[in-house]
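Asks: Sequence:
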Amino acid sequence: MSLVFNREGLSKLKPPIVLQEFVNHGGVIFKVYVVGNYVKCVKRNSLPRERRRRVMVVEGGVEAVVEGLVEGFGRLGLFRREKERE
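Heads up, the working numbering is the position in the sequence shown plus 1, with the first residue counted as 1.
None of these hints come from the bench; they were simulated from the model. No residue lacks a Cβ here, since even glycine has one placed at the ideal position from N, Cα and C. Misleading hints may appear alongside valid ones.
Distance windows between CB atoms, simulated [to be verified]:
#1 Val40 / Lys15: 38 to 48 Å
#2 Phe31 / Leu11: 40 to 50 Å
#3 Ser12 / Gly37: 41 to 51 Å
#4 Cys42 / Glu22: 35 to 45 Å
#5 Tyr39 / Leu11: 39 to 49 Å
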């Protein structure tokens, strides 16, 4: 996962990528589950700080969160392995 701060940073990313606008939400998200007439809203932390052990800053306005998040967000391990191959 990466945060891109400017056009130069965007040009440094290599496909395939999925772009998503970052909306600062104070570290809390609400998950809403709906099945028929049943509605459940759950409040939870987003990207907990205790899991952000290492942040790697790449030149050109790109900040990549590499380690720590892999435990809670397994798919990020793929990003980590790709970076290690380079």
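Asks: Could you say whether the range 40 to 50 Å given as a hint is met by the Cβ separation of Phe31 and Leu11?
Replies: 29 Å, violated
Asks: Does 39 to 49 Å hold as the CB distance between Tyr39 and Leu11, or does it fail?
Replies: 41 Å, holds
Asks: Does the hinted range 41 to 51 Å hold for Ser12 and Gly37 at CB?
Replies: Given a distance of about 47 Å, which is inside 41 to 51 Å, the answer is holds.
Asks: Hint says 38 to 48 Å; check whether the CB-CB distance for Val40 and Lys15 agrees.
Replies: 41 Å, holds
Asks: May I ask you to test the hint 35 to 45 Å on the CB atoms belonging to Cys42 and Glu22?
Replies: Taking Cβ atoms as reference, Cys42 and Glu22 lie about 23 Å apart, which means the hint is violated.
Checked against the numbered hints given earlier, the structure breaks hints 2, 4 and satisfies all the rest.
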